[in-house]
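Protein chains: 4
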Amino acid sequence: MKVLFCGDIVGRSGRDIVIREVPALRVRLGLDFVVVNGENAAAGFGITGRICEDLHAAGVDVITGGNHSWDQKDIQAYIAQDKRLLRPVNYPPGTPGFGSGMYETAARKRVVVINVMTRLFMDPLDDPFQALEAQLKLHRLGATADFILIDVHGEATSEKQVIGYACDGRASLVVGTHTHVPTADARILPGGTAYQTDAGMCGDYDSIIGMKKEIAMPRMIRKLPGERLAPAEGAATLCGIFVETDDRTGLAVTVKPLRLGANLEVSDL
Amino acid sequence: MKVLFCGDIVGRSGRDIVIREVPALRVRLGLDFVVVNGENAAAGFGITGRICEDLHAAGVDVITGGNHSWDQKDIQAYIAQDKRLLRPVNYPPGTPGFGSGMYETAARKRVVVINVMTRLFMDPLDDPFQALEAQLKLHRLGATADFILIDVHGEATSEKQVIGYACDGRASLVVGTHTHVPTADARILPGGTAYQTDAGMCGDYDSIIGMKKEIAMPRMIRKLPGERLAPAEGAATLCGIFVETDDRTGLAVTVKPLRLGANLEVSDL
Amino acid sequence: MKVLFCGDIVGRSGRDIVIREVPALRVRLGLDFVVVNGENAAAGFGITGRICEDLHAAGVDVITGGNHSWDQKDIQAYIAQDKRLLRPVNYPPGTPGFGSGMYETAARKRVVVINVMTRLFMDPLDDPFQALEAQLKLHRLGATADFILIDVHGEATSEKQVIGYACDGRASLVVGTHTHVPTADARILPGGTAYQTDAGMCGDYDSIIGMKKEIAMPRMIRKLPGERLAPAEGAATLCGIFVETDDRTGLAVTVKPLRLGANLEVSDL
Amino acid sequence: MKVLFCGDIVGRSGRDIVIREVPALRVRLGLDFVVVNGENAAAGFGITGRICEDLHAAGVDVITGGNHSWDQKDIQAYIAQDKRLLRPVNYPPGTPGFGSGMYETAARKRVVVINVMTRLFMDPLDDPFQALEAQLKLHRLGATADFILIDVHGEATSEKQVIGYACDGRASLVVGTHTHVPTADARILPGGTAYQTDAGMCGDYDSIIGMKKEIAMPRMIRKLPGERLAPAEGAATLCGIFVETDDRTGLAVTVKPLRLGANLEVSDL
Ligand SMILES: [Fe+2]
Ligand SMILES: [Fe+2]
Ligand SMILES: [Fe+2]
Ligand SMILES: [Fe+2]
Ligand SMILES: [Fe+2]
Ligand SMILES: [Fe+2]
Ligand SMILES: [Fe+2]
Ligand SMILES: [Fe+2]
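Each protein sequence line maps, in turn, to chains U, L, H and V.
Reminder that position 76 of the first sequence reads as 76 in the working numbering, one-by-one numbering, no gaps.
Reminder that position 96 of the second sequence reads as 96 in the working numbering, one-by-one numbering, no gaps.
Reminder that position 18 of the third sequence reads as 18 in the working numbering, one-by-one numbering, no gaps.
Reminder that position 1 of the fourth sequence reads as 1 in the working numbering, one-by-one numbering, no gaps.
It should be emphasised that the hints constitute simulated quantities derived from the structure, not laboratory data.
Note that this is a predicted model, so its numbers are computed, not measured.
Keep in mind that a hint or two might mislead.
Said to hold, decoys possible - Pairwise CB distance ranges, derived in the manner of DEER restraints: (1) L:Ala43 x V:Gly191: 51 to 61 Å; (2) U:Ala24 x L:Tyr103: 46 to 56 Å; (3) U:Gly169 x H:Ala134: 34 to 44 Å; (4) L:Asp268 x H:Gln76: 49 to 59 Å; (5) H:Ala134 x U:Pro225: 47 to 57 Å; (6) V:Ile215 x U:Leu269: 56 to 66 Å; (7) V:Arg248 x H:Glu265: 18 to 28 Å.
Said to hold, decoys possible - Pairs of lysine to any residue residues, derived as SDA-like cross-links and limited to a Cα-Cα distance of at most 25 Å, are as follows: (8) V:Lys73 x L:Leu229; (9) V:Lys213 x L:Glu265; (10) V:Lys212 x V:Glu265; (11) H:Lys213 x U:Gly94; (12) V:Lys213 x H:Met122; (13) U:Lys2 x L:Glu265; (14) L:Lys2 x L:Asp168; (15) V:Lys83 x L:Pro225; (16) V:Lys109 x V:Asp247; (17) U:Lys83 x U:Asp54; (18) V:Lys137 x U:Pro93; (19) H:Lys256 x H:Leu31; (20) H:Lys2 x H:Ala166.
Glycine included, each C-beta is placed from N, C-alpha and C at the ideal position.
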């Protein structure tokens, strides 16, 4: 199977490049499934049902989230009834929506997507390690699932690496999100799981993590509130990771970073 | 000028690859100056005078530090008297050692190295922005300095990017350290400063940020103290960034990530 | 001299009790000077010029702040021109307003008020220790000032205690704010400085740190955004600390906590 | 029933006052049960089996812990086999020891003690709210238990207050520990649960949260490692809270802070 994951979409600029590129990428790369993290898609803060529809129309199968999942008020009703929009699985019981789902590709392959959030330097959620163990007991790669993708939304590289190795051999791809900067460590772990510490954002990199420099910089330097943060509006870079698996095992045989667009060094396939 | 910066050296494995590769890289790439971050060189915790000597013998001109600078007790005396070992400039007045230095290359070029630490999710130090403004008033690129290198030791990508843009046009290179994972965002900012959010570590990547998985993983998962963390001992990757500047301005004309060794995708020049 | 300090005023309930009680307390206790922390006076978030005027009319001489000082937009212009409203002294240079001031009582005594913010678990500001050393070089108790009051706005008890002892003998009173809970450790330190780790809030204690339980509790338990936090509206407790000094030295001879109103055990003088 | 809870014992000085005072307090106050937090009893870091025995011999029925529970290596074996030493209940499954226990008094009353840790500014543990709900489903005050005591080990006043109100009416006493400073907010919440945000430490208050000033102060001010922290050795204050309940309901009818010893204002019963 061939799967593409793209990191945090930030604002209109990020949405535009995903909506423009994904249809062509599906064809050119022969993709079976596409997952994107959409926690900053709506002007940098959360996502709306309307944006979800636009992304699905462009060929995005599933959208994951993170600490910004709840920024748009109406999303709680939407996420409760559409399993193609996930939020981290380790929110406490009773949280609207789902933290994982199983989906079927056109070729009837079963893809499991799990969204989890780390805790170092993040909000205190339920234990991501226990949550993943429960998920990986439910979904067994090569048995009940053909592809298992885990979006690890978090800050600390150490915690993301622990999750990568903890799931090694039991997932097809463990990929980080949240820092909005792609890491150059895409590789296949010893047990066969593709891994990258952060996928990077889909957005304008001539910015502070996707936000306009002229607003974000004085806020951080002067420690005073100012204008509300807003996404930078220049040309975006799509940042993602491509994985091809062995159909018999669901484990990765190829992993490649994908970077298309302005500012960053292009990495095409 | 041609300058190489390498990220956090972790343990013996990291030291070995730096000591083995730097002499050849100096020749092959025609390097004028080499800087490495050494805060984890001594078994993962700090650095010793002996290790500094070994690194200098291999062609490392200047060694920078970070939150781990002080882990080895005897280093306070050493750092006070050898300006080739720096610690972050924004420690409070009275801290042993120096946060910046001016050095002369064999070709009599003046290189300024500044080591600074960020504050989000880090120890509370003096303001890095004020500290850098003071340094960049003292050292003017193209006037009093031929190359200005700033090692931004820190966690949050946003804060590192703010520093990058705040220094854009006034430094040759702003490069991050501390996360032990190389980022794939090497580029030249609009004002001419080369930038990469994190250089990545020089160490064994089959590990948790350079430390043995079998010790680091249970500590994070179980929340109990265990065996003391120790560096992984497998083959290392050297991670760094190469910059070539325009001699008239000191600004970057070329920036390239460098990754040599095991586990990560090789990026040679 | 006799001085009263009251902790964080939270919302209307907190303003009401301060405005109602301070005039009588000034007479009954023979107070020379009254300082209150007002960072949560305006519906829990910041303070307005109008509220400052009301407090001054009730006999409050100086108002201090903290991390919430800037929550109300118009306050930046107000604080820049009225030295009776302070903000922490260790904001970076260029911040509107003042972090300390010298004031004269009716009896022509010179009172210095310094507002400082700690850093553990707080925003990264300039070093509070250096800032206080500079202030205490400028203002010398018993020489250039008859009373020196330091409001230490912060979270960690350890950092507040370090500041207390670091200033011991050089200030009349070091008192903490920010946690909204009064501590039971009012005492005179060995060098003669009155100290209390936190003054407690002036507000409705049948609440979560002054905010309505029905809003604050689900937000913390469920980890989802909800209704905007709003101050509890029940009867308030005024929490403060009373200090009497030796006029020759400016050091404390008496320190007493003051708690008047609902919910908490009353501690009157 | 009459129960006494004492906050974090720090070092020898803290142990001495507890061992000296508790036998007399049991008699004088007619105590049915005594609980102390012992996480800093062994030279400030953790506790040993030997110290537990000494405390039990002095009349301490149960000892609770916190983030320092594991500082002494041998304690993992001890805590696994002696239910009179608790650690926070919200450590992940598989953690040695117990987070709660039911004990019988001499008069055959059933006392339940629960130890829980908060998460704001603390290590990321399992959800304390879910953990407490599970405990309070198991143990019902007035039905299966005559007294329920909850030691909430944590930093943020807001989170402790949320726990207090969340358990109101279902516990006899919710009392905080960890900040090492007693708060002056002992009271009975509307539902009948006695509450105090922090019990304060049992230790030498002429110190930085129980540790020698001459070591703790330079460490915080200079940001350099120095001598290992060690407990202050002067005369201690015992800090605790006394609760009397209605035998029919298990709810509090009286709550009084207790402070005996040097430095702090004495509050005896
Ligand atoms: Fe994001
Ligand atoms: Fe995020
Ligand atoms: Fe490092
Ligand atoms: Fe570091
Ligand atoms: Fe406040
Ligand atoms: Fe505050
Ligand atoms: Fe403690
Ligand atoms: Fe603690």
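A quick look at each hint next to the structure:
Take Ala43 of chain L and Gly191 of chain V: their Cβ atoms lie about 54 Å apart, and the range 51 to 61 Å holds. One distance hint, 46 to 56 Å for the beta-carbon pair Ala24 of chain U and Tyr103 of chain L, holds here, with the actual separation near 50 Å. Against the hinted window of 34 to 44 Å, the Cβ-Cβ separation of Gly169 of chain U and Ala134 of chain H comes to about 58 Å, which falls outside the hint. One distance hint, 49 to 59 Å for the beta-carbon pair Asp268 of chain L and Gln76 of chain H, holds here, with the actual separation near 53 Å.
Range check, Ala134 of chain H to Pro225 of chain U: about 26 Å between beta-carbon atoms, so the 47 to 57 Å window is missed. Checked against the given bound of 56 to 66 Å, the beta carbons of Ile215 of chain V and Leu269 of chain U, roughly 58 Å apart, stay inside it. At about 26 Å, the CB distance of Arg248 of chain V to Glu265 of chain H agrees with the hint of 18 to 28 Å. A hinted pair counts as satisfied when its Cα atoms are at most 25 Å apart, and Lys73 of chain V with Leu229 of chain L qualifies at roughly 16 Å.
Note on Lys213 of chain V and Glu265 of chain L: the hinted pairing is violated, with a Cα-Cα distance of about 51 Å set against a maximum of 25 Å. With a C-alpha separation of about 21 Å, the suggested pairing of Lys212 of chain V with Glu265 of chain V holds against the 25 Å cut-off. Straight-line distance between C-alpha atoms of Lys213 of chain H and Gly94 of chain U comes to about 20 Å, which keeps the hinted pair within the 25 Å bound. Restraint check for Lys213 of chain V and Met122 of chain H: satisfied, since their Cα atoms lie roughly 23 Å apart, inside the 25 Å limit.
Under the criterion of a C-alpha separation no larger than 25 Å, the hint pairing Lys2 of chain U with Glu265 of chain L is consistent with the structure, at around 20 Å. Taking the CA atoms of Lys2 of chain L and Asp168 of chain L, the gap is near 19 Å; set against the 25 Å cutoff, the hint holds. Between Lys83 of chain V and Pro225 of chain L, the direct Cα distance comes to roughly 21 Å. Compliance with the 25 Å bound is thereby established for this hinted pair. At roughly 10 Å between alpha-carbon atoms, Lys109 of chain V and Asp247 of chain V fall within 25 Å of each other, so this suggested pair holds.
With a CA separation close to 16 Å, the supplied pair Lys83 of chain U and Asp54 of chain U stays within the 25 Å bound. Note on Lys137 of chain V and Pro93 of chain U: the hinted pairing holds, with a Cα-Cα distance of about 16 Å set against a maximum of 25 Å. For the given pair, Lys256 of chain H sits about 13 Å from Leu31 of chain H by alpha-carbon distance, which is consistent with the 25 Å threshold. Between the alpha carbons of Lys2 of chain H and Ala166 of chain H the distance comes to roughly 23 Å, so the proposed pair stays at or under 25 Å and holds.
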